[in-house]
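Asker: Residue-level listing of the chains:
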Amino acid sequence: MELNARVPAGPLEKKWDNHRFSNKLVNPANRRKYSAIVVGTGLAGASAAATLSEQGYQVKSFCIQDSPRRAHSIAAQGGINAAKNYQNDGDSVFRLFYDTIKGGDFRSREANVYRLAQVSTEIIDQCVAQGVPFAREYGGTLANRSFGGAQVSRTFYARGQTGQQLLLGAYGALSRQIHAGGVEMFTRREMMDVVVVDGRARGITTRNIMTGEIESHVADVVILATGGYGNVYFLSTNAMASNVTAAWRAHKKGAGFANPSFVQIHPTCIPVHGDYQSKLTLMSESLRNDGRVWVPKKQGDKRLPADIPEDERDYYLENKYPSFGNLVPRDVASRNAKEQCDLGKGVGNTQLAVYLDFAEAINRDGEAAIFKKYGNLFQMYEKITDSNPMKEPMMIYPAVHYTMGGLWVDYDLMTNIPGLFAIGECNFSDHGANRLGASALMQGLADGYFVIATSIAHYLGTNKLEKVSEHEQDFIDSRRVVEDRIAKLLKNSAGGPAGKFTVDEIHKELGKLMWDNCGMARNKEDLEKALKELPAIKQKFWDYVYIPGDTKEINQSLERAGRLADFLEFAEIMIRDALTRGESCGCHLREESQTEDNEAKRDDENYSHVSVWEYAGQQEEPKLHIEPLSFENVTPSQRSYK
Amino acid sequence: MSSINLTLKIWRQQNSDALGQLETYTLDAIHTDMSFLEMLDVLNEKLTKEGQDPVAFDHDCREGICGMCGAIIDGVAHGPEKEVTLCQLHMRHFKDGDTIVIEPFRSRAYPVKRDLLIDRSALDRIIQSGGYVSVNTGGTVDGNSIPIPSQQSELAMDAAACIGCGACVASCPNGAAMLFTSAKVSQLALLPQGQVERKQRALAMVEQMDKEGFGNCTNAKECEAVCPKGISIRNIARLNKEYLFAAMTEG
Ligand SMILES: Cc1cc2nc3c(=O)[nH]c(=O)nc-3n(C[C@H](O)[C@H](O)[C@H](O)COP(=O)(O)OP(=O)(O)OC[C@H]3O[C@@H](n4cnc5c(N)ncnc54)[C@H](O)[C@@H]3O)c2cc1C
Ligand code: SF4
Ligand code: FES
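Top to bottom, those sequences are chains Z and V. Sequence positions in the first sequence follow my numbering and run 1 to 642. Sequence positions in the second sequence follow my numbering and run 1001 to 1251.
Excised from the complex, chain Z in its bound form (with noise of 0.2 Å):
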């Protein structure tokens, strides 16, 4: 496998405007004799789908939901981060860029994210055009607020609903392409295989989800934009159809796959209230501004919190890092909350959460204040749990949120698959091992309106690409192995569900192997154990998996058996990426890994790199290899929160 970054020479400020300038261009005329597929309709997907479609280039767009603007970045609450400087606090280019890197541990390519920076600021005006209602000054112009530990100003927001905000913004342009014919839209598609002819990613094979066709779909490039796997898990913060399929079956098909256990897991989640939980519900960060997280002194403590006194409540977070305090950043919250639940003191029926309480926060501030600032992030967390967080505190534990992790590109995003692009969440580009607040909007933004066309003109004026056709064998074949795999996963059904298992119960039981060995902390033991484990619920899937109903018509468990089966492939990778990285960096703690007063060590003598997977066949094992990582405009420092 050849990992061929293809970053442009130059100092970094120049790589970007030297690499637009030396790249090839179609002419507008002969764009729309080029076809592209976009996989997906988030941020990612629907601003590359408009954006190649208003250039002239014929775009077929598809996403699983019934409309492209149900994609899972609508959930996104927060804001997105621009380097424009606004609020005169200091923020740059290369503030942000600094910023992003190291909140990432030193473990992106410095190109991308710099890049990156430097589009964000043409994000917010592409936005703005269209009329998203981003949140305002009284004197008109666009606020600003500091969100994830940021020293600056720089997240834009329309309320708690900015990536629904974005989306809708990008599904409006996406939308005129559609009407004016440039972008054809499939809905209820769900891509099983890209088809790869003489070298070259040149379409997809779909199942259509309300019909059961298999379809074959022909273009001159792909352009995967199909979001993270955080569904591993079974529970987690994403979208219930969220998945690692395009993206897996892409990997089999030759695309390296960087850094899939780079994992993000958030610290403000409402708890796990019962075995029926079907995802998790995300509390915004900001409430740690004001919250005091804490246990009982007591392990197995029963006692109501209002019942404990002062002095036998231990405030883990400013009592460890008193400098930061309940503010430490997102993995350090994440894995002390874990740490305390283990030694017992965890609160709540299922003993898995930590209060975060406000009465201090009221008691200073007044009751008016507070409800102001958090009033309705509180109403929704009643909405769901039945208590109220003016009167007691709130429960929170972290939950799986983010992959940093995904297809291998290069700066042009790029997979190792000649015409294959991977855009959003679904690469691994920008993040390192740790994404900072804010900046996966921006990312896909980025990406999807302002990289990808470059990219695409320049593969496309490189590249003489024969005419194919859905005939060929390729495409033939990729249609029969879809047909064979559904096939097979239906066999065992036709004597009925005696003795067998439900497509969640399996579900369940890989998410607690990944979230009990794979999780927030690390260790080899471990992880070898569960390497070991894994291989008996796969078979007990392929065997004993009970999937009612047919192929040829709207089959949801069919669906999800579909994804767990990908899931239970790509979860071995993300395991051995787990174990063969000895150190700990970004969102997880290598216990192996530790300095003397146990906080995460970094080693970047031994992996200074990004780990891309190979996928060798079925029997065989993947293959390890290196992208080595150099910095030239930073210097790697070890993070201290103490």
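The set of hints was computed from the structure by calculation and includes no laboratory data. Each hint should be verified, as a subset may be incorrect.
Claimed, not checked - If you only want the chain V side, here are some residues facing chain Z, beta carbon under 8 Å, derived: (1) Asn1015; (2) Ile1146; (3) Met1157.
Claimed, not checked - Pulled from the structure, derived: some chain Z residues nowhere near chain V, Cβ distances all over 12 Å: (4) Arg69; (5) Ser92; (6) Asp275; (7) Arg292; (8) Gly300; (9) Ile362; (10) Gly375; (11) Met380; (12) Val468; (13) Ser469; (14) Lys491; (15) Leu579; (16) Glu614; (17) Glu620; (18) Ile626; (19) Glu627.
Just so we're clear, the structure is a prediction, and the values are computed from it rather than from any experiment. Beta carbons: idealized from backbone N, C-alpha and C, even for Gly.
Position chain V with the ligands relative to chain Z; hints supplied.
Answerer: Here is chain V with the ligands on its own, set in the frame of chain Z:
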């Protein structure tokens, strides 16, 4: 936390062409902390284990924002709680022994595809006809060069909060899509960015609405009552004004 026993009457329909009917199921020991969709998950696990077909229903975010979920619960779209989507409705709002009737959103423009799952693509086509500002990517002016009074922006945001769930249509005695359409027209009419295409947008979106077979508004206000995002019918008044003005001046 307590638990309740329920009787469910759920609309079952194999596909668009089949006849549907209500089927009765019983469910015991439902935790009151469950969401309504988790309750349906529990039912579906049970049906699957019994070798029956699970109930098909749309959902994705389960956070009240994607607009994918929705059903008529005892005659009310998204159920008895105000301003919540079905995924955010919790079982503590039901009592032990309750019988709950669950049906799909119904409207001329929403064919039932299976059980509770419907086709709402008509709403997308209304947006496609003009629910946007026609700007291409790139070459836009600096964000701060279009100052917008905070209040105006907040009003636009109130309208922009629509999640496209389509409950408004399903609750309207005429099957009108006025609340949905007016939310988008209002958002853009309130903002300077929307001015250039203001008239054309109102005309095109109303025309598409009619083409899709949605009915006319007779001010029944059922839409506003069920809207999970509190979209106000003042937006409908605004749409009427926008449309009239456009029709008169563009003729
Ligand atoms: C609760 C929550 C809050 C968040 N808040 C913020 C925030 O405040 N700021 C921030 O920057 N980030 C935030 N994030 C992260 C951010 O929302 C996501 O990383 C980002 O939206 C991902 O966008 P995307 O375009 O890459 O993919 P997605 O939006 O996930 O879209 C994926 C698309 O691919 C389609 N798809 C997937 N698989 C297939 C397939 N096999 N076949 C066909 N189509 C497929 C889906 O239908 C969908 O259209 C948040 C995330 C969560 C969960
Ligand atoms: S107006 Fe309200 S009910 Fe109608 S689609 Fe929008 S959010 Fe749903
Ligand atoms: S599932 Fe998204 S709004 Fe209910």
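Asker: Would you mind marking each hint as holding or not holding in the structure?
Answerer: Evaluation of the provided hints:
With a least beta-carbon distance of about 7 Å to chain Z, the hint placing V:Asn1015 at the interface is held under the 8 Å criterion. A distance limit of 8 Å between C-beta atoms decides the matter here; for V:Ile1146 the minimum to chain Z is near 6 Å, and the interface restraint holds. Interface restraint check for V:Met1157: the shortest CB-CB distance to chain Z comes to about 4 Å, inside 8 Å, so the restraint holds. A cut-off of 12 Å between C-beta atoms contradicts the statement that Z:Arg69 is not in contact with chain V; the least separation is 6 Å.
Even its closest Cβ contact with chain V, about 16 Å, leaves Z:Ser92 beyond 12 Å, as expected for a residue assigned away from the interface. Look at Z:Asp275: its CB is around 10 Å from the nearest CB on chain V, not clear of 12 Å, so calling it non-interface is violated. A cut-off of 12 Å between C-beta atoms confirms that Z:Arg292 is not in contact with chain V; the least separation is 25 Å. No beta-carbon of chain V is positioned within 12 Å of the beta-carbon of Z:Gly300; the least distance is around 19 Å.
Here Z:Ile362 stays apart from chain V, with its beta-carbon at least about 25 Å from theirs, past the 12 Å limit. For Z:Gly375, the non-interface assignment is confirmed: its Cβ lies about 14 Å from the closest Cβ of chain V, beyond the 12 Å cut-off. With a minimum CB-CB distance of about 8 Å to chain V, Z:Met380 fails to clear the 12 Å threshold, and the non-interface call is violated. With 12 Å as the threshold on Cβ separation, the claim that Z:Val468 sits away from chain V holds: the shortest Cβ distance comes to roughly 29 Å.
At roughly 28 Å, the least C-beta separation between Z:Ser469 and chain V is larger than 12 Å, which holds for a residue marked as non-interface. Once the 12 Å rule is applied to beta carbons, Z:Lys491 is consistent with being away from chain V; the minimum gap is 16 Å. At the 12 Å boundary, the C-beta of Z:Leu579 stays outside the reach of chain V, the nearest C-beta of that chain being 33 Å off. Every CB of chain V is more than 12 Å from the CB of Z:Glu614 (nearest about 32 Å), matching its label as outside the interface.
For Z:Glu620, the shortest C-beta to C-beta distance to chain V comes to about 35 Å, beyond the 12 Å cut-off, and the non-interface label holds. The Cβ of Z:Ile626 sits about 36 Å from the closest Cβ of chain V, beyond the 12 Å cut-off, so the non-interface label holds. With a closest Cβ-Cβ approach of about 30 Å to chain V, Z:Glu627 is found to remain outside the 12 Å limit, as its non-interface label requires.
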